[in-house]
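Now that you have both chains on their own, put them together as the hints suggest.
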Amino acid sequence: GENVEQHPSTLSVQEGDSAVIKCTYSDSASNYFPWYKQELGKRPQLIIDIRSNVGEKKDQRIAVTLNKTAKHFSLHITETQPEDSAVYFCAASKGNTPLVFGKGTRLSVIA
Amino acid sequence: KAGVTQTPRYLIKTRGQQVTLSCSPISGHRSVSWYQQTPGQGLQFLFEYFSETQRNKGNFPGRFSGRQFSNSRSEMNVSTLELGDSALYLCASSLNGSPDTGELFFGEGSRLTVL
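Chains as they are written, first to last, in our numbering: chain Y, 1 to 111; chain S, 1 to 115.
If we strip away everything but chain S, and leave its shape as in the complex, we get (with noise of 0.2 Å):
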């Protein structure tokens, strides 16, 4: 069974552009949620995607934005990007998107640094 995948998996910006991140969840998950990781932040909660619907959104602006579609795979845009949106954005996928009920497995991440 495949794992979770994004891509790219590198990927360098600068100042002003935007960018598109691509996960395509564990065949048959219908939860795919992203998370942003930068050094000593740990993981933080962008938003939670269920059955082509955000089901959850984090603290975040609104130039974070994403979407899902009916197959499950899930995009991520950042408009305007800053330098603070150097991170490393990891997508997880889980059955029904219930922690407490199901697993989340992440992807490999894929990191973004902007100039």
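Isolated chain Y (complex conformation) (with noise of 0.2 Å):
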């Protein structure tokens, strides 16, 4: 099955500067690849995903890219600010199998 792996399992950045969680997947399958954040004591929300025929998908201070041939795909984060601090979640799933998540960011901005 689907095995997904998430790096780095923590992650500091300064107030301002830019982040990068990166996943890799096993199942090249695999067609959708959503990004979740979980604040604190919160549920996990989805912020952004991108599907297959997509390479680069972008939400204001937040992109995630994919690229199929090496099977990984990454969240980036600009101009970070302290509300984005939380514990980012990557996952892959193709049609209608359950989505596999990697196990998680924890991402902290020092203001």
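Simulated from the structure, these hints should not be mistaken for laboratory data.
You may find that some hints are simply not true.
Ranges of calculated distance between the beta carbons of each label pair, as one might list FRET restraints [said to hold, decoys possible]:
#	chain 1	residue 1	chain 2	residue 2	range
1	Y	D59	S	S79	15 to 23 Å
2	S	N71	Y	T10	20 to 28 Å
3	S	R55	Y	E5	44 to 52 Å
4	Y	K57	S	T14	45 to 53 Å
5	Y	N67	S	S79	38 to 46 Å
6	Y	V20	S	F69	42 to 50 Å
Calculated pairs, DMTMM-like style, for lysine to aspartate or glutamate (alpha carbon to alpha carbon, straight line, at most 20 Å) [what the hints assert, rightly or not]:
#	chain 1	residue 1	chain 2	residue 2
7	Y	K103	S	E108
8	S	K57	Y	D27
9	Y	K37	Y	E56
10	Y	K57	S	E103
11	Y	K42	S	E52
12	Y	K37	S	E75
13	Y	K71	Y	D84
14	Y	K37	S	E108
15	Y	K42	S	E82
16	S	K57	Y	E2
17	Y	K94	S	E108
18	Y	K58	S	E103
Virtual Cβ for every residue (Gly too), placed ideally from N, Cα, C.
And the structure:
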């Protein structure tokens, strides 16, 4: 089955700097790659997603890139703010199979 | 529109006991998935129910079971609890259960502590 590896497990950045989180997946048939953000004590929420027919997608300060050949995708957050501090999870799926999540990255934005 | 509601939010059990957790999905959503969240392990898929049928199942022992009712509400049960079952159990609902066509909406979770 699908396996998703996520790096780094923790990441600290200065406010205003950029943050990059990387994920690799094992199943070349996976075609949907969402990112979820979980603030402390809160529920995970979808922040951005990308499908396999697209190489990059942006939404204000966040962007996701996908390299199907290498089977990896990344989350980029620019101009980080304290409210970006959270745990971020990448995930992958194909068709109607369940999402397989990475183990998460704890991002701390230092003011 | 009400979000995904999970009950109870917190519970403490002892080894060997059993527990039942409940999830009410967003109105109109027919798919309910359950995930176990533990520190360092991320979100691990337990099972998914769609229209009262289990459609997918993760790699968990048979002590973990679930069901879905005609109103889409779902329950999961863990029997013969072990210390390692201590975790946050998250329920997520979606319109039709296909991740690539519908966002997963998570509940706030039920935090289970096994002593």
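Hint check:
Between D59(Y) and S79(S) the CB atoms are about 43 Å apart, so this pair departs from the stated range of 15 to 23 Å. Separated by about 41 Å at the C-beta atoms, N71(S) and T10(Y) break the suggested range of 20 to 28 Å. The hinted range of 44 to 52 Å is not satisfied by R55(S) and E5(Y), whose Cβ atoms lie roughly 26 Å apart. Taking the beta carbon of each, K57(Y) and T14(S) are about 48 Å apart, inside 45 to 53 Å as hinted.
Roughly 44 Å separates the CB atoms of N67(Y) and S79(S), a value that falls within the hinted 38 to 46 Å. Distance hint check for V20(Y) and F69(S): the Cβ-Cβ separation is about 43 Å, which falls inside the suggested range of 42 to 50 Å. Our distance criterion of 20 Å between C-alpha atoms is met by K103(Y) and E108(S), whose separation comes to about 18 Å. For the hint linking K57(S) to D27(Y), the alpha-carbon distance of about 18 Å falls within 20 Å, and the restraint holds.
Under the criterion of a C-alpha separation no larger than 20 Å, the hint pairing K37(Y) with E56(Y) is consistent with the structure, at around 19 Å. For the suggested pair K57(Y) and E103(S), the alpha carbons sit about 17 Å apart, so the restraint of at most 20 Å is met. For the hint linking K42(Y) to E52(S), the alpha-carbon distance of about 28 Å lies beyond 20 Å, and the restraint is violated. Distance restraint check for K37(Y) and E75(S): the Cα-Cα separation of roughly 25 Å exceeds the 20 Å cut-off, and the hinted pair is therefore not satisfied.
About 26 Å separates the Cα atoms of K71(Y) and D84(Y), which puts this hinted pair outside 20 Å; it is violated. Distance restraint check for K37(Y) and E108(S): the Cα-Cα separation of roughly 13 Å lies within the 20 Å cut-off, and the hinted pair is therefore satisfied. For the proposed pair K42(Y) and E82(S), the alpha carbon gap of about 26 Å is over 20 Å, so the pair is violated. This hinted pair checks out: K57(S) and E2(Y) have alpha carbons roughly 14 Å apart, not beyond 20 Å.
A distance of roughly 26 Å separates the Cα atoms of K94(Y) and E108(S); the hinted pair therefore is violated under the 20 Å criterion. Restraint check for K58(Y) and E103(S): satisfied, since their Cα atoms lie roughly 18 Å apart, inside the 20 Å limit.
Violation of the numbered hints given earlier is confined to hints 1, 2, 3, 11, 12, 13, 15 and 17; the remaining hints are satisfied by the structure.
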